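Novice: Chain residues, written in single-letter form:
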Amino acid sequence: MMTENISRRDWEHLSAYLDNQLSAKESDRLSARLKTDKKLLTAFEELQMARNTMNQLPYLRAPRNFTVTPEMIGARKRKPSRLYPAFRLASVLTSFLFVFIMVGDFFSSGALTMQKDLAAPAMAPAAEVYEEESLEAEPIMGDAQLDVEDGLSEVDSAPEREPYTSAEEGIVSEEIASEKTTEEMVGEPNAAMPESPAPLADTETQERELISTTPMDTTSEVENQTDIAEIDHQGEQTTPILEASGILWLPLLKIIMGAAAVVTTIAAFTLRKRER
Amino acid sequence: MDEVALIQSARQGDLTAFNRLVLTYQDMVYNQAYRVIGETDAAEDAAQEAFISAYRKLHTFRGGSFRGWLLRIVTNACYDELRRRKRKPVTALEPQNKDGEEIESARWMVDPNLSPEERVQQVELEQAIQNCLNALPLDFRTVAVLIDVQGMDYAQVAEIVKKPLGTVKSRLARARRRMQLCLQKFRELLPMAFRLSEEDS
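Chains as they are written, first to last, in my numbering: chain A, 1 to 276; chain P, 1 to 201.
Hints were generated in silico from the structure; no laboratory data involved.
Note that the structure is a prediction, hence the values are computed from the model and not measured.
We put the CB at the ideal spot given by N, CA and C, even for glycine.
There could be a bad hint or two in this list.
[Stated by the list, open to error] Derived, one-sided and incomplete: chain A residues facing chain P with beta-carbon distance under 10 Å:
#1 N5
#2 R8
#3 E12
#4 L18
#5 L40
#6 N52
#7 M54
#8 N55
#9 P58
#10 T67
#11 P70
#12 M72
#13 R82
#14 Y84
#15 A260
#16 A261
[Claimed, not checked] The calculated lysine-lysine pairs, modelled on DSS-like cross-linking and capped at a C-alpha distance of 27 Å, are:
#17 A:K35 to A:K25
#18 A:K25 to P:K57
#19 A:K38 to P:K185
#20 P:K57 to A:K273
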C-alpha cells in the first residue's frame with residue numbers, strides 16, 4: 001500500500017489536522033505538504049474515511065431506563081446494619097413497657113389515695129373514741145356499777161359467751177378477747193389496712209366496757225392499753241412499709257425504662273440515618 | 001429546571017432530580033458503553049453501574065462539563081466491566097435471543113424509516129464497524145469512540161482518560177489507521193464515497 005511508508009509522526013499530524021487540532025503553523029506546513037505529497041494525501045483520505053465511517057454509527061437508544069432507585073443506592077452504598085432492627089425492636093418494647101408502668105403507677109397511686117381518703121374518716125372516730133375514753137377512764141372506774149350492767153347486757157347479747165358471774169371470769173375473758181384481737185391483727189397485716197377500722201373500734205369499745213365491769217387493777221389496764229397501742233402502731237406501720245418498697249423500685253423502674261426507650265430510639269434513628 | 005439546578009438538587013440527595021439527569025444522558029452513556037465494550041448486556045451493566053457511581057461521586061463534581069464528567073465515569077465503568085468479564089468465556093458480538101442464538105437483524109439498532117434492504121445493509125455496516133472497533137486495543141478504542149463517536153475534543157478526552165494530549169493524539173491516529181485497515185475487509189458494505197478513496201489507493 002502507498003501509505004505504508006508514512007511515519008508515525010505524520011499519521012498523528014494528519015489525524016490532528018483532520019480535527020483542526022494542529023497549531024496554525026503546523027497546519028499551514030501540513031497543508032503545503034498535502035498539495036505536493038500524494039502518499040500523504042492518500043493517508044489523509046484514509047484517515048478521513050475511517051473517521052467518517054465511525055461518525056456513521058447510529059446513535060443507539062438506551063434499551064431501558066437506567067434510573068437509579070433507592071434500593072440500588074442503599075444496597076450498594078453500604079451493607080444494612082444488623083443492629084438497626086434490634087434497636088428498633090428494643091425501642092418499641094422499652095417504650096411500651098415505660099408507658100405500661102406509667103399507666104399502672106397512675107392507677108395504683110390513684111387507688112391508694114382513694115383508700116387513704118376512705119380510711120381517714122373511718123379511723124378518726126375510732127381514735128376519738130379511744131382518746132375520749134382514755135381521758136374518761138377514771139370517771140368510768142368510778143361508775144363501775146352502771147357500766148357493769150351495760151357490759152353484762154352486751155355480753156348477754158353475744159351467744160357464744162357465758163354470762164359473767166365473777167370478776168375473775170371477766171378478767172380471763174377480757175384477756176382472751178384481747179389476745180384474740182391481737183393475734184388477728186398481727187397475723188393478718190391487711191387487717192391493719194383501713195378496711196377494718198370499725199370492727200376494731202367495736203372490739204375496743206367492748207373491751208373497755210368489759211374492763212369497766214370488772215374491778216381491774218392498774219397493771220392490767222396499762223397492759224391492755226399497751227396492747228391496743230401496739231395494734232394501732234402495727235396498723236400504722238404496715239402501709240408505710242408497702243409505700244416505702246414501692247417508692248424504692250417503681251420510680252427506679254420508670255427511670256430505667258424511660259432512659260432505655262430514649263437511648264434505643266436514638267440509636268435506631270442514628271443507624272437508620274447513617275444507612276441512608 | 002436547568003442542569004445546574006438538577007445537579008445541585010441531586011447533590012443534596014434528591015434522587016428524582018438525579019434521575020432526570022439520567023434520562024437526559026442515558027443514551028450517551030449507553031452508546032459509550034456499548035461502543036467500548038461491544039456487547040449489549042455488559043454495556044447495560046456498565047451504564048447502570050456508571051449512573052450509580054455518578055450518584056455516589058456527585059459531590060466530587062466541581063462544575064464544568066457534566067457530560068464529560070459522566071463520560072469519564074462510564075469509561076471507567078467499562079474498564080471495570082471488561083476486567084470483570086475477562087475471566088468469563090468469550091461471548092458472541094451479535095445480540096442473542098433467549099436460546100443463545102444470534103439475532104441476524106438487530107432491530108433495536110435499525111432506523112425504522114429505512115427499506116428492508118437498507119436496514120439489512122445498515123445493520124451489516126454497523127456490525128462491521130463494531131467488529132473493527134472491538135479489534136482495537138482498549139485504550140485506542142476508548143479514545144476513538146470518545147472523539148469520533150461522542151464528538152469530544154482532545155483536551156476533554158485527555159482529561160477523561162487522564163493522559164497527556166500527545167498520547168491522546170497518538171492513540172487516535174493509530175486507532176483511525178487500524179480502523180481504516182480493518183474496514184477495507186468490508187469494502188462492499190461501505191458507502192460509495194468511502195469505497196472510492198480505497199479504489200483510488
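Novice: Now, for every hint given, state plainly whether the structure supports it.
Specialist: Verification of the hints:
| no. | hint | verdict |
| --- | --- | --- |
| 1 | N5 | violated (13 Å) |
| 2 | R8 | holds (8 Å) |
| 3 | E12 | holds (4 Å) |
| 4 | L18 | holds (8 Å) |
| 5 | L40 | violated (12 Å) |
| 6 | N52 | holds (7 Å) |
| 7 | M54 | holds (4 Å) |
| 8 | N55 | holds (6 Å) |
| 9 | P58 | holds (6 Å) |
| 10 | T67 | holds (4 Å) |
| 11 | P70 | holds (6 Å) |
| 12 | M72 | holds (6 Å) |
| 13 | R82 | violated (23 Å) |
| 14 | Y84 | violated (19 Å) |
| 15 | A260 | violated (32 Å) |
| 16 | A261 | violated (29 Å) |
| 17 | A:K35 to A:K25 | holds (16 Å) |
| 18 | A:K25 to P:K57 | violated (42 Å) |
| 19 | A:K38 to P:K185 | holds (23 Å) |
| 20 | P:K57 to A:K273 | holds (19 Å) |
Violated hints for the displayed structure, listed by number in ascending order: 1, 5, 13, 14, 15, 16, 18.
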